Amino acid sequence: MIDPTLLARVVKGDQQAFSQLYDHSNTLLFTLAVRILGNHEEAAELLQDVYLEVWRKVSRYDVGRGTPVAWLVTLTKSRAIDRLRARASRGYRTTNSLEAGTAAQMADPGPSPFETQADQELRISVGAAVAGLPQAQQQAIELAYYEGLSHAEIAERLNQPLGTVKTRIKLGMSKLRDGLQQWWNLGDLQ
Amino acid sequence: MTHEELEESVPLYAAGALDRIERQALEAHLLSGCASCHSALKDYQSVAALLPLGLSPTKPPRSLKATIMAGRNPASIPAEAATNEPARPSLEPGEWMNHLFPPVAPARSLSLPWALGLATLLIVSVGGYFAWNVSTQRSIDTSNIKQLEASLQEKSAKLAGVDREVGDQAKALAELRNELQQRTNEAAEAKEQLAQREAELEETRVQLSQRGSARTVETPQDELATLLRIPNVKAVTLTGSEMAKRAAGFLLYDSRTQKAWLYSVNLPECPAGTTYQLWAIHDKPMSIGTFQMDTGETAHLLVKKVLSFTNAKTFAVSLEPSGGRPQPTGPMYLLSRS
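Line order of the protein sequences matches chains D and P. Numbering-wise, the first sequence is residues 1 to 190 according to this note's numbering. Numbering-wise, the second sequence is residues 1 to 338 according to this note's numbering.
Isolated chain D, as found in the complex (with noise of 0.2 Å):
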């Protein structure tokens, strides 16, 4: 999806490698950030942050400790949820992640201009393991990857027993494990 290359020029200050890096991530770092905080207006000032930051930073991206992609979701996830906690501990109730849909039951807009065939079979791939997952499951690993909830509080949430919620998540995760392990297994998951 993202050469590591492209990041090695934006280390070295490379305002067109920055650019390129925006228009192959921010499709995917948006629906990522809408998608945790279910509103695009924050979303928008989200990812002004996360590619502040990326600019900033990208010195520190080592791609052996994974793919650009990889890197850009986790930054990407991991400040959506410091906002999600911060506005959390102000008092805002968040209403958006469990209406919010998933791949498998929204129409898909169509591909972007810079996605690979590579890139729409992965995509495809992912929607259909996690539609694939039974519905318990996937409800509980979203609460968890996407709220940032930990197990004793989903099981709160869904007013089920701990053990049963950690098992749901176990679960879940070793079934999409297992259906995705050929992408990364060729080595070709970028």
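For the record, the hints were derived by calculation from the structure and aren't laboratory data. Every value quoted in this text rests on a predicted model; they were computed, and no experiment measured them. Warning: the hint list may mix true and false statements.
Straight-line Cα separation of at most 27 Å, DSS-like style, residue types lysine-lysine; simulated pairs [unchecked claim]:
id, chain 1, residue 1, chain 2, residue 2
1, D, K57, P, K59
2, D, K12, D, K57
3, P, K155, P, K171
4, P, K146, P, K171
5, D, K57, P, K65
6, D, K175, P, K42
7, P, K65, P, K42
8, P, K259, D, K12
9, P, K284, P, K245
10, P, K259, P, K191
11, P, K42, D, K57
12, P, K234, P, K304
13, P, K191, P, K158
14, P, K234, P, K245
Add chain P to chain D, keeping to what the hints say.
Frame of chain D, contents of chain P only:
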């Protein structure tokens, strides 16, 4: 916790479902070097990173890119800017695979006042950071502008100095040119004057030579005086004979000009029909010239052109009939001593 329990918590960790204590326990275990847990985590982290791809894509507003591109400080190189970040968020990019710290959840495990306190601190520190960032940037910009202004001013001053110097030098050059012109004129004038003087000198020389020759004729005394200063002029003294004991004479002969001067004193007045005659005697007497002594005259100068008497050693003056005689006939009045 046992290894099995820890290993089972790996997928929950990757999904972000562990609480703080469980998370720290697993991290400690991973740092201790458990290869199987590390490998498992790597797989689950990869799954976790892919999850957003399963969402229905939502495109950000088109203006976002321009805002982000403009929001960066183009002057700051990413590597440098990274060192100036005071407020460190919970998860550093690039570190996720190494230490695997998902976002911490302090607000969940702390009481509300603590949470509020932390939130306030966060707001203050973030605000402070941005204020610091803006003010630092502004002060850097201001100091940069000041430096540029100072540099510009300095350059302008230098330029003005150079201008002045060039002006001065041009002025000095013009002065030198004027002076040179003046000197050239003076030299030309001096040359002209010199030519004039030379002409005058030439004229004077001509006049002098003319005057000199005229004087020789008009004033033999001057010539005699000149003769006295010439070393090869022969000088002979003559003394009076019995006929004129008080008489004396002084003869000069210049072989160069073949002229003879006889200066005689106290010779008696010539009786009428007689004349004194000067003789140069070598083997035989040779007449040099005649002269008269008038009444009251005591001294007389005779100047004569003589062809040759270089060998003559004796000179004499005799009294002869008027017009002189080829050989002495009368009495001797003056005779040289040699």
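Evaluation of the provided hints:
{"no.": "1", "hint": "K57(D) - K59(P)", "verdict": "24 Å, holds"}
{"no.": "2", "hint": "K12(D) - K57(D)", "verdict": "12 Å, holds"}
{"no.": "3", "hint": "K155(P) - K171(P)", "verdict": "24 Å, holds"}
{"no.": "4", "hint": "K146(P) - K171(P)", "verdict": "37 Å, violated"}
{"no.": "5", "hint": "K57(D) - K65(P)", "verdict": "19 Å, holds"}
{"no.": "6", "hint": "K175(D) - K42(P)", "verdict": "15 Å, holds"}
{"no.": "7", "hint": "K65(P) - K42(P)", "verdict": "32 Å, violated"}
{"no.": "8", "hint": "K259(P) - K12(D)", "verdict": "120 Å, violated"}
{"no.": "9", "hint": "K284(P) - K245(P)", "verdict": "25 Å, holds"}
{"no.": "10", "hint": "K259(P) - K191(P)", "verdict": "44 Å, violated"}
{"no.": "11", "hint": "K42(P) - K57(D)", "verdict": "23 Å, holds"}
{"no.": "12", "hint": "K234(P) - K304(P)", "verdict": "15 Å, holds"}
{"no.": "13", "hint": "K191(P) - K158(P)", "verdict": "48 Å, violated"}
{"no.": "14", "hint": "K234(P) - K245(P)", "verdict": "24 Å, holds"}
Checked against the numbered hints above, the structure breaks hints 4, 7, 8, 10, 13 and satisfies the rest.
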